[in-house]
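Build the full structure now, drawing on both the sequences and the hints.
Top to bottom, those sequences are chains X and C.
If you're matching positions, the first sequence starts at -16 in the numbering used here and goes up one per residue.
If you're matching positions, the second sequence starts at 416 in the numbering used here and goes up one per residue.
One should not assume that every hint holds.
Covered stretches of chain X, going by a simulated chain C footprint (3 or more residues, C-beta under 8 Å) [said to hold, decoys possible]: (1) -14 to -3; (2) 42 to 54; (3) 59 to 65.
To be clear about the criterion: a stretch of chain C counts as covered by chain X if any three or more of its residues have a C-beta under 8 Å from a C-beta of chain X, and this derived list gives those stretches [claimed, not checked]: (4) 447 to 460; (5) 480 to 491.
Hint data in this document are derived by calculation from the structure and do not stem from the laboratory.
Cβ atoms here follow ideal geometry from the backbone N, Cα and C, with glycine treated the same way.
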Amino acid sequence: MNAATVWVTLMLATLFSWWLGTGHAPGDGTSPALARTVILAVAFFKLWLILRYFMHVRQAPRGLRRCCDGWVVIAGGSVLAAALWS
Amino acid sequence: MPGESATAQTSSGERMPGESGAWVFFLADMTVFALFFHVFLYYRADDPALSAASQDRLNPHLGAANTLLLLTSSWCVVVGMRAAARLDASASVRWLVGGLACGVGFCAVKIYEYADKIGQGLTPRTNEFFTYYFVFTGVHFLHVLIGCGVLLWMISQARRLADGRRNLSHMETGACFWHMVDLLWIVLFPLIYLCP
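Here's what the structure looks like:
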């Protein structure tokens, strides 16, 4: 993926989160916990794209790649779990 | 050598983005913010009614505009660094100035937002939600101000590319710092402004 494609993806993902978070969740019965988790999952996906393509971690030595991927899994996973069950 | 890459590339094609020591700081800073995210979620769960009522006083459109500004700024910095690696000083300066302009735009929106909130009588002492709002976004705002200084320094370095003087590894570290500032806001914005 080139930088312009990543940038467009990030912009569209932001607009989706903004749309979802400003009262446009599909159906009246959407659980707030589910909407919260989806919005934060999109945020961590964007964060991973920035690390990988803007900060060039995908070309980095294996140690740094593992540290960054590990950070995303631990921080993202724990935040999503807290959002879902809070 | 003209066209020399920012940092050494290994035979396997791996390349350290910026200086390795800086990554210790980046990951530590990101971990501090991850703790902020948990503190905020814990508080929300503790008092969801007050938290929802307080969140309604925020303007998510300004938060979204600021996210788009930071993302665009990051993209400009990526393109500017690519130009720097080609030793194309004028293109590099142009894109980095674009990145800085978006960063300054973020600051302007944030200052307007803080002034608006304080004008409405909403301060860090109003309730716990606004304490966290001002502290977490304030710490991030401090990162943006430092990042704008880093971008100014990168622009001065990019100008020197025309004389054959380059400091690409340091410039790349500065670019990574700016992307990290973007990355932290990417989670702070939905967490504080959008999450129901």
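**Hint numbers contradicted by this structure** = none
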